[in-house]
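Throughout the sequence shown, residue numbering follows our numbering, covering 1 to 38 in sequence.
Note that these hints are calculated values from the structure, not bench results. It is possible that part of the hints are untrue.
Stated by the list, open to error - With beta-carbon atoms standing in for the labels, derived distance ranges:
#: 1; residue 1: 33; residue 2: 2; range: 43 to 51 Å
#: 2; residue 1: 23; residue 2: 3; range: 40 to 48 Å
#: 3; residue 1: 6; residue 2: 27; range: 27 to 35 Å
#: 4; residue 1: 34; residue 2: 14; range: 28 to 36 Å
#: 5; residue 1: 1; residue 2: 36; range: 44 to 52 Å
#: 6; residue 1: 5; residue 2: 36; range: 44 to 52 Å
#: 7; residue 1: 37; residue 2: 2; range: 47 to 55 Å
#: 8; residue 1: 31; residue 2: 9; range: 32 to 40 Å
#: 9; residue 1: 35; residue 2: 1; range: 46 to 54 Å
#: 10; residue 1: 33; residue 2: 13; range: 28 to 36 Å
#: 11; residue 1: 37; residue 2: 4; range: 46 to 54 Å
None of these values were measured; they are calculated from a predicted model. A virtual CB, placed ideally from N, CA and C, is assigned to each residue, including glycine.
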Amino acid sequence: MSPAIIKYLIIILLASFLFACAAEAQTGKQALQINKTR
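Given the sequences, and given the hints that come with them, work out the whole structure.
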């Protein structure tokens with residue numbers, strides 16, 4: 001494996017991890033808002 005491919009894979013992993021965190025934060029905020037309106 002060339003270093004370029006390894007760097008690319010690391011970037012994809014980081015991006016997917018950040019995306020998962022952002023998605024969780026979004027759903028968490030929505031749940032909080034729903035609880036507040038009740």
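Do the hints match the structure? See the list:
1. 33 to 2: 43 to 51 Å: Once the Cβ atoms are compared, 47 Å apart, the range 43 to 51 Å for residue 2 and residue 33 holds.
2. 23 to 3: 40 to 48 Å: violated (30 Å)
3. 6 to 27: 27 to 35 Å: holds (32 Å)
4. 34 to 14: 28 to 36 Å: Given about 31 Å between the Cβ atoms, the range holds.
5. 1 to 36: 44 to 52 Å: holds (49 Å)
6. 5 to 36: 44 to 52 Å: Holds, at about 47 Å.
7. 37 to 2: 47 to 55 Å: At roughly 53 Å between Cβ atoms, residue 2 and residue 37 fall inside 47 to 55 Å, so the hint holds.
8. 31 to 9: 32 to 40 Å: holds (33 Å)
9. 35 to 1: 46 to 54 Å: holds (47 Å)
10. 33 to 13: 28 to 36 Å: holds (31 Å)
11. 37 to 4: 46 to 54 Å: Because 50 Å falls inside the window, the suggested range holds.
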